[in-house]
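Colleague: Produce the entire structure from the sequences given, and follow the hints as far as they go.
Each chain is listed here by its residues.
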Amino acid sequence: MRWRSGQDIHPVHAVLLASSLPLFLGALLSDWAYSNSFEIQWINFAAWLIVGALIATGLALLWGLIDALRADIPHGRTKWIYVALLATTLVLGFVNALVHAKDGWATMPLGLILSVIVFVLAVATCWVGFTKPGQE
Amino acid sequence: MDLRPIALTLTALLLAACGSDSDVTQYGPNPDLPDKQRGLLPSMTIASPAGWGDRRPAVPEGYTITPIATDLKIPRQTLVLPNGDILVAEGKGGGEAPVLRPKDMIAGYFKKQGTSSVKGGDRLTLLRDADGDGTYEGRSVFAENLNAPYGLALIGNRLFVANQDALVRFDYQPGQIRASAPPVTVTPLPAAINHHWTKALAAGADGRFLYVGIGSNSNIGERGMAVEEERAMVWQVDAQTGATRRFATGLRNPTALAVQPGIGQLWAVVNERDELGANLVPDYLTSVREGAFYGWPYSYWGPNPDRRVKPFKEDMVRRAVRPDYALGSHTAPLGLSFSSPAMGARFASGAFVGMHGSWNRQTPVGYKVVFVPFNAGRPSGPPTDFVTGFQAGGKTFGRPVGVTVDPRGALIVADDLSNTIWRIAPTQRQVQPQSSAQSATGR
Numbered sequence: 001m002r003w004r005s006g007q008d009i010h011p012v013h014a015v016l017l018a019s020s021l022p023l024f025l026g027a028l029l030s031d032w033a034y035s036n037s038f039e040i041q042w043i044n045f046a047a048w049l050i051v052g053a054l055i056a057t058g059l060a061l062l063w064g065l066i067d068a069l070r071a072d073i074p075h076g077r078t079k080w081i082y083v084a085l086l087a088t089t090l091v092l093g094f095v096n097a098l099v100h101a102k103d104g105w106a107t108m109p110l111g112l113i114l115s116v117i118v119f120v121l122a123v124a125t126c127w128v129g130f131t132k133p134g135q136e
Numbered sequence: 001m002d003l004r005p006i007a008l009t010l011t012a013l014l015l016a017a018c019g020s021d022s023d024v025t026q027y028g029p030n031p032d033l034p035d036k037q038r039g040l041l042p043s044m045t046i047a048s049p050a051g052w053g054d055r056r057p058a059v060p061e062g063y064t065i066t067p068i069a070t071d072l073k074i075p076r077q078t079l080v081l082p083n084g085d086i087l088v089a090e091g092k093g094g095g096e097a098p099v100l101r102p103k104d105m106i107a108g109y110f111k112k113q114g115t116s117s118v119k120g121g122d123r124l125t126l127l128r129d130a131d132g133d134g135t136y137e138g139r140s141v142f143a144e145n146l147n148a149p150y151g152l153a154l155i156g157n158r159l160f161v162a163n164q165d166a167l168v169r170f171d172y173q174p175g176q177i178r179a180s181a182p183p184v185t186v187t188p189l190p191a192a193i194n195h196h197w198t199k200a201l202a203a204g205a206d207g208r209f210l211y212v213g214i215g216s217n218s219n220i221g222e223r224g225m226a227v228e229e230e231r232a233m234v235w236q237v238d239a240q241t242g243a244t245r246r247f248a249t250g251l252r253n254p255t256a257l258a259v260q261p262g263i264g265q266l267w268a269v270v271n272e273r274d275e276l277g278a279n280l281v282p283d284y285l286t287s288v289r290e291g292a293f294y295g296w297p298y299s300y301w302g303p304n305p306d307r308r309v310k311p312f313k314e315d316m317v318r319r320a321v322r323p324d325y326a327l328g329s330h331t332a333p334l335g336l337s338f339s340s341p342a343m344g345a346r347f348a349s350g351a352f353v354g355m356h357g358s359w360n361r362q363t364p365v366g367y368k369v370v371f372v373p374f375n376a377g378r379p380s381g382p383p384t385d386f387v388t389g390f391q392a393g394g395k396t397f398g399r400p401v402g403v404t405v406d407p408r409g410a411l412i413v414a415d416d417l418s419n420t421i422w423r424i425a426p427t428q429r430q431v432q433p434q435s436s437a438q439s440a441t442g443r
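So the sequences go chain by chain: A and B. For the record, in the first sequence the residue sitting at position 136 is 136 according to the numbering used here, with numbers rising by one throughout. For the record, in the second sequence the residue sitting at position 206 is 206 according to the numbering used here, with numbers rising by one throughout.
Since the hints were derived computationally from the structure, they do not count as laboratory data. Heads up, a few of these hints could be off.
To be verified - Which residues of chain B face chain A? A partial, calculated answer using Cβ under 7 Å: (1) Lys36; (2) Leu40; (3) Pro102; (4) Asn219; (5) Gly221; (6) Glu222; (7) Val309.
As the list claims (entries may be wrong) - Beyond 12 Å from chain B on every Cβ pair, some chain A residues (computed): (8) His13; (9) Leu69; (10) Val99; (11) Asp103.
From the three backbone atoms N, C-alpha and C, an ideal C-beta is built for every residue, glycine too.
Modeller: Following this line, the structure appears as structure tokens:
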């Protein structure tokens with residue numbers, strides 16, 4: 001079995017893409033826990049989870065970009081949508097990381113709102129990313 | 001790896017994000033308090049250290065500045081002993097605070113760039129000018145193996161030293177150049193985490209009590225309020241028994257304490273909270289009123305709420321008292337000493353304040369020693385610059401910490417960036433009045 005450009009997503013690429021999902025979800029749930037309990041450790045967890053998710057997303061973006069550049073013309077469009085989604089997730093995720101660097105409650109409510117948006121984006125990105133060209 | 005370009009980029013980003021630091025009047029009893037602002041990144045301009053070379057700090061006409069000791073190991077506070085010898089506390093505390101967030105790692109790195117890379121001495125150095133010519137030819141290590149000593153006070157023949165974890169005591173005889181025995185612990189001090197580690201110290205007028213300034217364990221409670229037990233307050237300590245009690249609370253980081261000569265009133269300089277904008281919150285000089293709550297973390301400058309701390313306590317906002325005299329936001333006052341007529345007529349009545357200088361601001365402020373005039377025992381006008389020139393051309397040569405008035409007519413300034421002790425004295429020796437003790441009351 002050999003992976004070829006324009007067909008199935010490479011396993012390592014798949015792992016990077018998929019890892020962002022539980023990490024962004026973890027951040028979202030941690031933000032939710034903090035806003036309900038005011039327990040500071042939750043917001044600390046959220047900050048680290050976002051950093052982890054950004055690393056996975058960033059590497060996936062790099063991979064996706066190279067992939068899209070090498071893709072056949074018919075499959076190129078889907079790949080570019082995927083890259084655009086990844087890039088948006090990364091940028092908003094980074095903004096969310098900066099918001100989470102504010103002290104205490106200054107992170108809220110924007111931090112929670114951004115966590116929701118970024119998670120939804122990450123789901124959409126995974127959906128597009130894992131859809132085989134030709135299936136859509 | 002030189003990360004200065006990154007720091008510059010950060011600053012540029014912030015310029016776009018936060019706008020420039022508009023100038024507001026933030027000195028005195030009624031400072032302007034603009035709206036809170038915080039971009040995506042906090043405004044940061046970190047000092048870029050450079051050697052003094054042939055440069056000297058600037059002092060007013062009629063005064064001379066000389067470095068009386070160099071190559072120290074992070075000098076912070078000084079104490080002038082009755083025989084004129086100067087004790088210097090050297091050390092660098094903190095550093096034990098665990099990294100809880102990605103931010104702690106990154107901000108810690110940047111702030112470190114603006115400080116000396118020398119290891120803290122954890123010792124007391126004694127300087128002696130035997131012939132009174134202003135040159136301190138004698139130098140000895142009075143005590144070592146201390147734990148980030150900061151505050152110093154002498155009561156009779158007992159020398160008290162506030163380490164970052166305990167108040168300790170040495171026996172002291174006039175003329176002594178080295179401690180005769182290891183220190184005795186008077187009382188442990190709150191030391192867990194020690195985000196703000198400096199323990200300021202002053203002896204009460206009657207010598208019965210000592211006052212210890214204990215800084216908060218966070219900017220605004222972002223480590224949780226559990227770690228703020230017994231923090232952000234001034235303790236009163238019985239000099240004999242070591243018994244402690246809370247004297248005043250809500251003082252975020254009381255970095256220097258001084259007792260007003262003649263009156264006996266305790267005063268403090270306090271470093272206020274960050275990340276609310278270039279012109280919030282003013283650091284201040286205040287008389288420390290027994291039992292008073294000064295706001296931290298729930299409010300600033302009296303009843304202005306800061307809702308970054310949760311759970312929030314509205315009743316604490318109502319309890320908060322206003323400090324006496326604003327010193328400007330982010331100036332970072334770390335030194336306080338009341339003057340005497342021996343300092344010359346212009347600076348006879350008032351207090352000197354050493355300002356370490358800002359980081360949470362685009363245009364640096366502080367980085368100087370100012371004089372706050374007093375009249376009838378209260379601050380009576382805008383501060384005037386006393387020692388400046390610590391920064392030029394984007395470089396920082398020194399950062400003032402402790403200031404101490406030598407009753408013989410000199411101001412001793414500790415500089416923890418260039419590891420120097422500066423002495424500023426009237427060029428012409430003032431006539432020494434006998435009643436110098438009453439001078440700072442302002443009559």
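Colleague: Starting from the hint list further up, note which numbers the structure goes against and sort them upward.
Modeller: 1, 10, 11
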